[in-house]
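In order, the protein sequence lines correspond to chains A and B. Residue numbering for the first sequence follows this note's numbering, starting at 1 and increasing by one per position. Residue numbering for the second sequence follows this note's numbering, starting at 1 and increasing by one per position.
Any given hint might turn out to be false.
Quick look at which bits of chain A chain B covers, simulated, 3 or more residues with Cβ under 8 Å [stated by the list, open to error]:
#, stretch
1, 14-22
2, 35-46
3, 55-63
Heads up, incomplete: computed chain B residues facing chain A, CB under 10 Å, no partners named [what the hints assert, rightly or not]:
#, residue
4, 208
5, 235
6, 239
Far from chain A, some chain B residues (derived; all Cβ distances over 10 Å) [stated by the list, open to error]:
#, residue
7, 75
8, 88
9, 101
10, 127
11, 132
12, 145
13, 181
14, 207
Keep in mind that the hints were calculated from the coordinates and are not lab data. Yeah, the Cβ is synthetic: ideal placement off N, Cα and C, and Gly gets one too.
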Amino acid sequence: MSVFAGRPLAGHNRISTQALTSLARAAAAEALGVPPQDVRADWTDDGGLLALSLVTPIAVPSLTTVLREPARVAGFGGPIWDRAVAAKAQILRRVTELSGAQLSRVDIRISGASVSDGGRVR
Amino acid sequence: MSHAAERHHRGAAPHDAAPHEAAPQEAAPQEAAPLETGAGPIAAPDSGPDLRPGGARMERVLARETSSSRASAAIIAAILVIGLCGYALLETAVRAVGQPPWLIDPQTAADRVTALPAGVAPLLLGVTGAVVFAAGLFFFLNAVLPGRRARHVLADPRAAVVVDDEVIASALARRARLAANVTQEQVMVVVSRRQVLVNVRPTSGVPLREADVQAAVEAELRAMAPSPMPEVRVNLAASGVIGA
Chain A
1 MSVFAGRPLA GHNRISTQAL TSLARAAAAE ALGVPPQDVR ADWTDDGGLL
51 ALSLVTPIAV PSLTTVLREP ARVAGFGGPI WDRAVAAKAQ ILRRVTELSG
101 AQLSRVDIRI SGASVSDGGR VR
Chain B
1 MSHAAERHHR GAAPHDAAPH EAAPQEAAPQ EAAPLETGAG PIAAPDSGPD
51 LRPGGARMER VLARETSSSR ASAAIIAAIL VIGLCGYALL ETAVRAVGQP
101 PWLIDPQTAA DRVTALPAGV APLLLGVTGA VVFAAGLFFF LNAVLPGRRA
151 RHVLADPRAA VVVDDEVIAS ALARRARLAA NVTQEQVMVV VSRRQVLVNV
201 RPTSGVPLRE ADVQAAVEAE LRAMAPSPMP EVRVNLAASG VIGA
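With the rest of the complex left out, here is chain A (with noise of 0.2 Å):
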């Protein structure tokens, strides 16, 4: 069996759903603050390129402690939407440089809320 130059071994490297599945969780749980097993991700195919869908928490601070000092919200990242906007870019990022696979989209649901006032997020 005749190999072509520019490859240089034969052979098949697979990544399972399920590693691409935890992966997007971690990458999720690292953009929004939010332990990996609160998360759920989902693939589908969109065009050949795969499409991400999150359903997951975010961390916020409590209100008291906002209203004591509004400084934290800007701390956590801005207004959840915000925040929400750019973890998908980085989420994006994260799991293309990782898995090598590309993606298309991400969609992110925030399903709810995991109050966090102890450590400073990023």
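Could you slot chain B onto chain A? The hints should help.
What follows is chain B alone, placed relative to chain A:
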């Protein structure tokens, strides 16, 4: 997964009549040593020179291997004609010696035929017509269609090599799979006489270039050099497989 398209695959056509026939190669061409035809009784002194590639006998052997036999249809047709003629002979002879007819008098039969729509139930007439039509179509198509088997001839300096299309398809599918870097299930190859259709379903997130697959399959096909040479068409599925 791969399979070869079956074209004009007629019944179980026996191909036992060729005394100097090369056994059809059922193995992948790049792995199996070609079966020799130049050895043993085939290399009898009287038939020596013709069995070389390009020789008349070799051509004949290859033709027998790549097309299906019409012998069974011919035998059926011959038996039918012989039976009909024998019966007509019997009836005419019986009439000539002045005996009562066995089943039907030829004169009466001719009269009945000329008066045909009358005297027979329309349903029976229609059924008979349909049966005769089907039989006629069977014999006609058997005679007219080329009756090729799903096989290709590979060029070989010493032996006659005949390969089933399934085998070619399997080899090409393997090559396409390596070129596209996908799993076995994502490639389907259909080989027919003049065309190779490669269906590839890419992995989601890993875009494929059709030209790569096409080039790889064509290179493999060129190395194989089946005759007649089919042209390659690659079909990339629009949607991919997730996590494959």
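To see whether the hints hold, each was checked on the structure:
1. 14-22: With 7 residues closer than 8 Å to chain B, the stretch 14-22 of chain A meets the three-residue bar; holds.
2. 35-46: holds (count 4)
3. 55-63: Our answer is that it is violated, as 0 residues pass the Cβ test (under 8 Å) against chain B, missing three.
4. 208: Where the cut-off is 10 Å and the nearest Cβ of chain A is about 8 Å from residue 208 of chain B, the hint holds.
5. 235: Violated, about 13 Å.
6. 239: holds, 5 Å
7. 75: Since the minimum Cβ distance to chain A is about 46 Å, residue 75 of chain B lies beyond 10 Å and the statement holds.
8. 88: Holds: least Cβ distance 66 Å, greater than 10 Å.
9. 101: Holds: least Cβ distance 75 Å, greater than 10 Å.
10. 127: holds, 54 Å
11. 132: For residue 132 of chain B, whose nearest Cβ neighbour in chain A is about 55 Å away, the distance exceeds 10 Å, so it holds.
12. 145: holds, 38 Å
13. 181: Residue 181 of chain B is in fact no farther than 10 Å from some Cβ atom of chain A, at 6 Å.
14. 207: violated, 6 Å
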